[in-house]
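Hey, can you work out the whole structure from these sequences and the hints?
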Amino acid sequence: MKKQIGDYKFLAGSTRIGGTLWEGPDHLLYLERPGFALAFSETFKRLDYKNIQCISYAPTRTGRWTTAWISTLLLGAAFGGSFTEALPGRVTLWVVAGVSGLGLLIHLLKGPTCLCRVQTAVQVLQLMPLRRLRPTQRFVQRLAELCRLHQGEASLEMVAPPPLRPATSPDLAGLHSPVSVVGVIRTGLLLLLVAGALLLIRPFAPQPAVFAVTIVAEVAAGILLLSGLARNWRARLPGMLKGILCGANLHSLLTLLAGFSLWVYGTLTVAQSHVSQGKIMVANQEWEVFRWLCQAGFAELEWAMWLLLGMGGVNLILGLLGLPIAWRLEASTASAPPALARQPQVSTSDPAAPHE
Amino acid sequence: MAAALCVFCNRALPMRRIGQEFEATCTGCRRTSRNVLLPALLGLNGGGPPTLPDETPPGPGEAACFYSSTRRATKECQHCGVLMSDVWAAQWGQTTVCLKCLEHLRQKGSDLQFRESLVLWDNVALSLALVPLSLVFWFMAVISAPSAVLVSLWHWNSPRSMVTPRRWRLVLAILLGLLQIAGGVGLVLALWFKGRRA
Numbered sequence: 000m001k002k003q004i005g006d007y008k009f010l011a012g013s014t015r016i017g018g019t020l021w022e023g024p025d026h027l028l029y030l031e032r033p034g035f036a037l038a039f040s041e042t043f044k045r046l047d048y049k050n051i052q053c054i055s056y057a058p059t060r061t062g063r064w065t066t067a068w069i070s071t072l073l074l075g076a077a078f079g080g081s082f083t084e085a086l087p088g089r090v091t092l093w094v095v096a097g098v099s100g101l102g103l104l105i106h107l108l109k110g111p112t113c114l115c116r117v118q119t120a121v122q123v124l125q126l127m128p129l130r131r132l133r134p135t136q137r138f139v140q141r142l143a144e145l146c147r148l149h150q151g152e153a154s155l156e157m158v159a160p161p162p163l164r165p166a167t168s169p170d171l172a173g174l175h176s177p178v179s180v181v182g183v184i185r186t187g188l189l190l191l192l193v194a195g196a197l198l199l200i201r202p203f204a205p206q207p208a209v210f211a212v213t214i215v216a217e218v219a220a221g222i223l224l225l226s227g228l229a230r231n232w233r234a235r236l237p238g239m240l241k242g243i244l245c246g247a248n249l250h251s252l253l254t255l256l257a258g259f260s261l262w263v264y265g266t267l268t269v270a271q272s273h274v275s276q277g278k279i280m281v282a283n284q285e286w287e288v289f290r291w292l293c294q295a296g297f298a299e300l301e302w303a304m305w306l307l308l309g310m311g312g313v314n315l316i317l318g319l320l321g322l323p324i325a326w327r328l329e330a331s332t333a334s335a336p337p338a339l340a341r342q343p344q345v346s347t348s349d350p351a352a353p354h355e
Numbered sequence: 000m001a002a003a004l005c006v007f008c009n010r011a012l013p014m015r016r017i018g019q020e021f022e023a024t025c026t027g028c029r030r031t032s033r034n035v036l037l038p039a040l041l042g043l044n045g046g047g048p049p050t051l052p053d054e055t056p057p058g059p060g061e062a063a064c065f066y067s068s069t070r071r072a073t074k075e076c077q078h079c080g081v082l083m084s085d086v087w088a089a090q091w092g093q094t095t096v097c098l099k100c101l102e103h104l105r106q107k108g109s110d111l112q113f114r115e116s117l118v119l120w121d122n123v124a125l126s127l128a129l130v131p132l133s134l135v136f137w138f139m140a141v142i143s144a145p146s147a148v149l150v151s152l153w154h155w156n157s158p159r160s161m162v163t164p165r166r167w168r169l170v171l172a173i174l175l176g177l178l179q180i181a182g183g184v185g186l187v188l189a190l191w192f193k194g195r196r197a
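Protein chains in written order, with numbering that gives the first Met the number 0: chain A, 0 to 355; chain B, 0 to 197.
You may find that some hints are simply not true.
When the alpha-carbon atoms are kept at most 27 Å apart in a straight line, the in silico DSS-like pairs for lysine-lysine are as follows [as the list claims (entries may be wrong)]:
no., chain 1, residue 1, chain 2, residue 2
1, A, LYS49, A, LYS241
2, A, LYS44, B, LYS99
3, B, LYS107, A, LYS1
4, A, LYS8, B, LYS107
Calculated from the structure, these hints are not laboratory results.
Following this line, the structure appears as C-alpha cells:
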C-alpha cells in the first residue's frame, strides 16, 4: 500500500475491512471501507483539524475475549488430536490446532484492543481502523499535534466543580441509538421463539402449514436479528444481548445449512424411491420433495427429527434469554433523562481570553 | 458549551485540562478512557459563528453573480471560472468553488480532493467470480461468471480505490470468470457427446 498519495500521508489502517486514515494538509481523511470479507464501496469523510474538539480512546475487553476463544479452540483441538486414533481425524484436529495457535500468536503480537473516537461540534466519529492500542496511541499523538498546530496552543485549567446542566450533546453521527433498533431485535427474538416452538411441534405434527410457517418464521427472525446486530454493532448494547444476537445469527446459519442438507437428502430419497419403482422423475420434483419432507416423521427421519428438536430448544433458550434484556433496554432507554454535563469554567491569566 | 463524551456510554466526562492528554473515569459506566481536549471545545480556535453573506446588489460597473443577478459578485470559482456571490461560493479546503461545481465534483469522484464515495467495482467483480467457488452457491456460476467478466470489462477505466489502485483484482475476476465459463461449456459439451453416443 502506498504511504503517500497526492497531498495525503498515510496515518493508520489497512486495506482490509474498516478503512484507512490519511493526513491531509488541513484535514483528516477517513476512508471508510464497509463490507464483509471484501469492501464494496469507499466513503470519504473529512474532518478539519481546526474543528476537532476532543480525541478519545479506551482499551476494550474484546482482545481478552478473543484470546479466550482462540485458546479454547486451540486446547480443544490439541486435546482431541492427542486422543483420536484415526489418522484423518488426528491430522484434521492438529491442523485446526496449528492454525488456531498461529492466530493466537498474531493476535497477541498485535497487542490489546481499543476504541478511538474523534469529536467535533456536530458529530462523534468512531475510527474503525484503530482497533489496537499501540497504533492508536501513535495516531492520537500525531493528530493532537496537527490539531494544536491549526488551533493554536492553549493550556487552560478547569477549576471548581461546575454546575450541572443538560448537555448540548452533539449529533452522534455513526453511533446509532440502541432504542432506534431495539424494536427490530425484540421482534426478531419473538419470531425466534415462535420458530422454536414450531420446530418442537413439527416432529409430532407433520403438516405442510407447520413446516412452511416454521421456515418463514426462522428466515424472518434470522434477517431481523442480523439487521439488528449490524445496525447495533457500534451502539453500546449490553454485552449479553450482543452475545445472544451473535449466537442466534450463528444458529440461523446452521439451521439454513441443516435445511439445505435435509433438502438434498429428501431429493435423493425421493429420486431413489422413483428409481426403485421404475419411474423417471421430471416434473414437480420440488413439490414432491417438499411434501415428503412435510410428512416425514420419526419413522422415516429419526436423526432429522432429533435435529429439529435440538434446534427448537436452542431457539427457545436464546429467545427466552434475549427477550427480557431487550425489553429492559427498551424500557430504560425510553425513560432515561437527558445526560447531564458539567459546565466547565475557564481560568486563565489572560483577561482578553474568552469566558463562558 | 460542548463536553467531552465517554467512549462507551456517551455521558459527559469531567474535564481537566485543554491541550494535554489525561485519563478520565466515566461517572456512568465507571470505565476509563484517555482523552485529549482541544481548544475548539471551548471555542478558542478562532471559529465562531459564520458571518452573514454579502447581500448587496451590484453597483454600476460592478459584476453581478452568475447564479443570482441581484447579488454582487465577490468571488471566482476556481473550477469553472464564473463570478459568484458569497451565497453561491463554497470554501473546500484551500479551493473556492461554486455550489454547482462542488456538487458535480463530489458526485463525479474523479478528483481525490472532492471525492465523496466510490463503488469498488474490482471487488464486486472478484466477489462475483468467487461466489460459485463456494460449495453452497456453485449453481450461481451460470449468471455470476459472465457477470464477473462483463463488470470487469465495463469498469476497466472506472475510478479505483486510492488505497488499492492496481487492476489485479479485475484481471483475476476476468480469469476466474473465463475459467468457469470454459468449465461450464466443457461440461455441457461432454454431456451432449455422451448423450449422442448413448
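Verification of the hints:
no. : hint                  : result
1   : A/LYS49 with A/LYS241 : violated (37 Å)
2   : A/LYS44 with B/LYS99  : holds (20 Å)
3   : B/LYS107 with A/LYS1  : holds (23 Å)
4   : A/LYS8 with B/LYS107  : holds (23 Å)
When held up to the earlier numbered hints, the structure conflicts with hint 1 and nothing else.
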